[in-house]
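Asks: Read off the chains here:
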Amino acid sequence: MTNKVCPSCGDTDVNEQMAGFREYTPPYGELTRSPIKSYKCNTCGASGDFYQENVEIESALIRSADSKSVLKMLSLLSEQGISNAYFERALDLPVRSVARWKNGQYTSSAISLLRMVTTYPWLLKVASLNFADDAAGNILVAAALDKVRELRAREKLNNPEAERIVAFMHVNQENSGEGECVFLGYAPLKKPRRSVTVSVSTIGVTNGDN
Amino acid sequence: MQNPSYKIDDFFKACKDYKSDLFIWDCAINDAAKYYNLKSVKEIAKYIVTYKLNPDRRFVNSIPLESWRRTDLSAPMVDAYSFNAGAFIGYVAFFYVPNAKWTIKSFHKDTSKETLRVPMFQEKLLPVVSGSSLGRLKGAKT
Chain A
1 MTNKVCPSCG DTDVNEQMAG FREYTPPYGE LTRSPIKSYK CNTCGASGDF
51 YQENVEIESA LIRSADSKSV LKMLSLLSEQ GISNAYFERA LDLPVRSVAR
101 WKNGQYTSSA ISLLRMVTTY PWLLKVASLN FADDAAGNIL VAAALDKVRE
151 LRAREKLNNP EAERIVAFMH VNQENSGEGE CVFLGYAPLK KPRRSVTVSV
201 STIGVTNGDN
Chain B
1 MQNPSYKIDD FFKACKDYKS DLFIWDCAIN DAAKYYNLKS VKEIAKYIVT
51 YKLNPDRRFV NSIPLESWRR TDLSAPMVDA YSFNAGAFIG YVAFFYVPNA
101 KWTIKSFHKD TSKETLRVPM FQEKLLPVVS GSSLGRLKGA KT
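Chains A and B, in that order, give the protein sequences.
Under this note's numbering, the first residue of the first sequence is numbered 1, with each subsequent residue one higher.
Under this note's numbering, the first residue of the second sequence is numbered 1, with each subsequent residue one higher.
Honestly, I wouldn't trust all of these hints.
[Stated by the list, open to error] Okay, the calculated beta carbon distance ranges per label pair:
| no. | chain 1 | residue 1 | chain 2 | residue 2 | range |
| --- | --- | --- | --- | --- | --- |
| 1 | A | D92 | B | I63 | 20 to 28 Å |
| 2 | A | D146 | B | M77 | 48 to 56 Å |
| 3 | B | C27 | A | S112 | 25 to 33 Å |
| 4 | B | D17 | A | R33 | 27 to 35 Å |
Calculated directly from the structure, the hints in this document are not laboratory data.
For each residue, glycine too, the CB sits at the ideal point set by N, CA and C.
Model the full assembly from the supplied sequences, consistent with the hints where possible.
Replies: Encoded structure:
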């Protein structure tokens, strides 16, 4: 027991806890851990950083993990042949933006943009075509088909004994470039599973085995 | 019908003055990072102040703090609210003890309302996909 006061209930029955860790894993980043100081109140059950001793540690942890994830995402894009110049021009960014991000001068908006483009690199194609509606629809459908092929290949790799893989995509492009995308499951079984319908504009993919 | 034990505006005011008036339990901070991408007391407080748990803020219940150990004083009441957090229903629970700080004890997904999805789900534009299925689709080790 210490003479310290619990911020939740004002009681003094407070114990310093054994060293805890704060963990953070950003998308495309690595698990980063930092030891933190933590307290527990035996009166109300509160647990945490009672006296704001970890604020700087936590922000440094987040900064460090985010910086590594930025480098990782830029590396992944580079591996796909996406140059800094292409990235910047397609997204209408100031020149040398990517170089600045690499040096740690990034914003949270830059990280968000990088996460989107790393997840869906074809967004750059859409952007480089000035977000034209028909082109955007076609690129999206092509990307969706590529994804289905990738899923099928992965399933074959993981389950070579599978009798067959049902993966069917129907694209209905009537008047607009959007249409409807139906992915009829992902089923190495004879019995067909429940199918689901997703809108192309939501870029949803599911195996529908819920 | 049960009423909240606290005025929600008093809670928002504490979030605004988060440095002096708000404390968030460790488990709530971890859940906020996991579900909402809010990684610090500052980020959580600013999120609450800015959006005021809208849209669709709904009072859930007000119950005594379960982990309260003192017998000479009655346990503080914990008010819980749910709200639309985008892809899921959010849940926040908080309480206040006089002469202490406002405390957020929970800040996570409202698992009791998984079926009451946001409009995108209600319109059946997106299927409900379980975590394990998503993991397999993404090639994660299960």
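Asks: Take the hints in turn and mark each one as holding or not.
Replies: Here is what the structure says about each hint:
Between A:D92 and B:I63, the C-beta spacing of about 52 Å breaks the proposed range 20 to 28 Å. Separation of A:D146 from B:M77 is about 54 Å and conforms to the stated range, judged on CB atoms against 48 to 56 Å. Checked against the given bound of 25 to 33 Å, the beta carbons of B:C27 and A:S112, roughly 27 Å apart, stay inside it. Evaluation of the 27 to 35 Å hint for B:D17 and A:R33 yields a pass: the beta carbon distance comes to about 31 Å.
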